[in-house]
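Given the coordinates of chain B, assemble chain C onto it according to the supplied hints.
Chains as they are written, first to last, in my numbering: chain B, 109 to 554; chain C, 2 to 166.
Since the hints were derived computationally from the structure, they do not count as laboratory data. Beta carbons: idealized from backbone N, C-alpha and C, even for Gly. Hints may contain errors.
Claimed, not checked - If you want the footprint, here are the derived chain C segments under chain B, 3+ residues with CB under 8 Å:
1) 14 to 23
2) 42 to 54
3) 59 to 65
4) 125 to 137
5) 145 to 158
Said to hold, decoys possible - Computed list of chain C residues with no C-beta within reach of chain B, every gap over 10 Å:
6) E26
7) L30
8) E33
9) G96
10) E107
11) F114
12) L162
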Amino acid sequence: MVAVDRKHQIIDLETGQLDRRIFVDPDIYAEEQEKVFGRAWLMIGHESLVPNTNDFFHTYMGEEPVILCRDGRGNLRAYLNMCRHRGNRIVRTDVGNSRNFACAYHGWTFSNEGALEYVPGDEEAYYGALDRDCLGLVEARVDTYAGIVFATWDHGAPSLDDYLGDARWLLDVSFNRLDNGTEAIGPIKWIEPLNWKTAVDNCSDNYHVPTTHLSTIIVQGRHRGIPRLTHEQQFQSENKHLFVNGHSLTMRFLERADQVRQTHGVTPENLAAFEEYYRATLPEAERRLGSLRTRLNLGNHSLFPNGVLGLRLAHPRGPLETEFWHFVVLEKDMPDELKTALRRGSANYNGVNGIFEQDDMDNWRGVTESGLTRMGRKYTQDLSMGVGHDRRHPDYPGVVAGRYTSESNQRLFYRRWEQFMNADNWEDIPLEPKAMDYEGTATLRG
Amino acid sequence: MELWHELMEFYIREAWLLDERRFREWLDLFTEDVFYFMPRRLNVHRHETDRELTPVGDLAIFEDDKTYLTMRVERLETGMAWGEDPPSRTRHIVGNLVVDPQPDGEVQAKTAFLLYRSHHETEENLFSGYREDLLRPVDGSWQIARRTIVLDSNVILAKNLSVFF
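If we strip away everything but chain B, and leave its shape as in the complex, we get (with noise of 0.2 Å):
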């Protein structure tokens, strides 16, 4: 191993400061296309989303436009949707169904196995000296959690199941709790005007919720019997906070194992339908998760580089601009009394319009801004909160900030951004072997 130059000094773990730079600067920008969005395995999509063979649905890896399909065989392919002739994107639509892929220009002609199979005038024009074999389409490594489609241009990469760590024992509490898995939905794209990681960064932020979405708050609690959400209950709860292998993962304790998860879509109306669901799926759940993860709920969380809250994506799009897709994942099993509830909470609560998110923009837009002139790159963004109250715990993984209010998570972030950074290939990133206890018998693969 070659002994890393820091180039990259951004945030300072002792004191919390974050150099504003890293929102706006367009060559941070593209070196994190190449160290970050390059490297890491990246969520692109849902098997759910291709069920057949020959199904393919449009998605992105970063900036990088992809196609993920099911091959004639059934299996899940990823290629760049660039023609190896001239450039162009092969693939036009969102979603479709077809065993090859034409391209419109000048009628090159991909199979879903990546093959270059067909070239007008291969003989006649080419002279028979084309090397089809070299010009097949560009592949991504593609694996899979619980259903969750992921994919890295890194052949260097470890494998998906080291890369999630132990962040898999408490994602396993949403994505794999039911032998029937999740299927996915969606998404809803939009155009936010904001650095990627303003987004990301925010998944672990519990402070804000109080200020930022009092007015759903009250309004909630007015319509759907949901308790007012406080300052004070937010700093003396006992949920975690929590950074496992660059994934901010907050986790909330249920009083009841048969409790409900969620809170977008639920209402006084359907709450018994939803405890009766998760009373009857318990003796499954805890058959697979065992009795304690059966105890525990994934809060907000993002999987680096730009998971926000699940499979929801913050493509980037510039430095000042980032594609925003809005996916809900549901379990099978559901009832679709429920599945409807939930779909429509997170759209009306989460989507372009979500009347929590959409107060979102503007202060993560304010963030990113700052960055933009002289002044305020003068003086670094304060992410102090609870520096020096991380600590390890003896049951739960990774780092566990002192108070589920916390920037922990945030700090933690950019230290992995910059480990990415810093990095000449992934022998320079540093992954914490799993160590916990996976009681139950939920896998990877669901």
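For chain C alone, kept in the frame of chain B given last:
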């Protein structure tokens, strides 16, 4: 033609209620059982345009009942709905009305719209689309029992949809 004029006036009045931020009065235009719906609009090939609009049951952009709509309006009244405080400056231009009276006295009405929104200092959005309403006669007036809003967009070029359509 009389019905057409009556409904055109209805839609013009609605546009002014929205642009003058009289959201409580706007809310009264909807029935208690209203379904306020905006599907997603997929980018698909011409031979697959039956898939272009996502059906009810798929993830939608808006899928509100009267309670959700009411929460949206009441939120603004708290003075702390930061996405709309300070509020957007909007202009709803509504036209191309087509009316289709139903045998039960209800009316299907389709309108095209342009919605201009200006926010904070320099931010601008222009939303184009159409609405299909089911209008129900109630106490000598009309109420909207169902509204489907279709944007002429795939990726929405706005930070949020905190304005009404």
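Comparing the hints with the structure gives:
1. 14 to 23: violated (count 0)
2. 42 to 54: It holds: at least three residues are needed, and the region 42 to 54 of chain C offers 6 whose Cβ sits within less than 8 Å of chain B.
3. 59 to 65: n = 7 at 8 Å, threshold three: holds.
4. 125 to 137: violated (count 0)
5. 145 to 158: holds (count 4)
6. E26: holds (19 Å)
7. L30: With a cut-off of 10 Å, L30(C) remains clear of chain B, as the shortest Cβ separation is near 19 Å.
8. E33: holds (14 Å)
9. G96: G96(C) is indeed farther than 10 Å from all Cβ atoms of chain B, at 24 Å.
10. E107: holds (24 Å)
11. F114: Given that every Cβ of chain B is farther than 10 Å from that of F114(C), nearest at about 16 Å, it holds.
12. L162: violated (4 Å)
Hint violations for this structure: numbers 1, 4 and 12, all remaining hints satisfied.
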